[in-house]
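> Protein chains in written order, with the numbering used here: chain F, 1 to 209; chain G, 1 to 209.
Any given hint could turn out to be false.
[Claimed, not checked] Covered stretches of chain F, going by a simulated chain G footprint (3 or more residues, C-beta under 8 angstroms):
1) 164 to 173
2) 177 to 189
[What the hints assert, rightly or not] To give an idea of the interface, some chain F residues facing chain G are shown, with a C-beta separation under 7 angstroms as derived from the structure:
3) A122
4) R125
5) R126
6) F129
7) K160
8) T161
9) A192
10) A195
11) A197
These aren't lab readings, by the way, just hints derived from the structure by calculation.
Note that the Cβ used here is the ideal one computed from N, Cα and C, for glycine as well.
Number of protein chains: 2
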Amino acid sequence: MHSDPSPVRPVGRGAKVRAAVHAATLAELLDKGYAALTVENVAQRAGVHKTTVYRRWKDRESLLTDALAEHMAMDIPVPDTGGIETDLRALARSLVQSFTSPTGQAVLAAMFTGAAHLPEIAAARRHVFDDRLARAEPVVTRAVERGELAGDTDPAELFKTLVAPIYLRLLMTADPVDETTADQAVRVTLAAARAGALRRARDGDPASG
Amino acid sequence: MHSDPSPVRPVGRGAKVRAAVHAATLAELLDKGYAALTVENVAQRAGVHKTTVYRRWKDRESLLTDALAEHMAMDIPVPDTGGIETDLRALARSLVQSFTSPTGQAVLAAMFTGAAHLPEIAAARRHVFDDRLARAEPVVTRAVERGELAGDTDPAELFKTLVAPIYLRLLMTADPVDETTADQAVRVTLAAARAGALRRARDGDPASG
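Work out the full structure: start from the sequences and follow the hints.
The following block contains the structure:
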């Protein structure tokens, strides 16, 4: 939950290489799946040397984790609209939009089928999720500063409450997932937050996960 | 959501065969996975003729769906404690207990890895989920009768809100899943219900999924 949200961005050539390698990693994942993902293929597709990749990422798992986190960061920007309700709505709607797009569906499939049981995929999933939580935390901080949410609101609990019904529908029930789903998730989350059901855990206080 | 929750139970020998075939189906699934699941192997393991199985289930998918629904119905009984909070807590806690047990973990793995992308597995998942919703609906009906919940509370929305954070943790974040998770899900769900965020959808009303 408090992992570093994003390393300082390299600029110039470094940034270009990073972007090319990320794009190649995602493309390889979508084309061939996790099992066939190799640093060699990624390097070739990105038009860089294998050693260039290894200089920045220690193995294909850290590469994959980084590429997925970056993809979601670009695809689901953290909003700052000036109000908690509109912020959460923007966030939930981009999540829905992202995961109902062909790329998003392929990312979900890659993360939840075939390789889903592998510890490294579980770790990647966890890292990407934690990265999202860390990036989105300012949404709650700003709402607290504006007096819209109580100071002891737990950002992680709040965002898990927001995204849980969306993932449930994407992964389990196959109900349609659209703006209605997103807006409904916002209503539930704000109702819970305002009722004090999303407070930070304290000693013996059972509000965390 | 409104599929038939359970066919009329056969009694006597029929019931015994049904139970034996269900148990054998689950055991085969857990031992060998979905790909290797055959009516032949199930029949052999249950000690019955293949034709006996085919007389009751048209194919291995309907057999699997029925066996999983029955397993969850037994493992996660629908409570009737006289109060909505205690009912939901009992339900959420049994869900947690079921899916953190070795059998539950294996069922989750079978439903979400390897075969997860197959349409027949998606259909089975959906059917089992709908069966659960239909069975649990009286919990909400009784709460409405007792005046604990508003009459227009949507049972499906309520139960999805209850289980979503539990599945999120089981499938995505790998946070610990325990009674705390269950109780927290109940708090959020009741807060949302009491704030009117879980009402039945009406014309143009965006509360459904």
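> A separate judgement is required for each hint: does it hold in the structure or not?
Hints and how they fare:
1. 164 to 173: holds (count 8)
2. 177 to 189: holds (count 8)
3. A122: Hint holds; A122 of chain F Cβ to chain G Cβ min 6 angstroms, cut 7 angstroms.
4. R125: Holds, about 6 angstroms.
5. R126: Holds, because the Cβ-Cβ distance from R126 of chain F to chain G comes to roughly 5 angstroms (cut-off 7 angstroms).
6. F129: Check passed: Cβ of F129 of chain F comes within 5 angstroms of chain G, closer than 7 angstroms.
7. K160: Interface hint status for K160 of chain F: holds (6 angstroms vs cutoff 7 angstroms).
8. T161: holds, 6 angstroms
9. A192: holds, 4 angstroms
10. A195: holds, 4 angstroms
11. A197: This interface hint holds because 4 angstroms falls under the 7 angstroms limit.
Hint compliance for this structure: no hint is broken.
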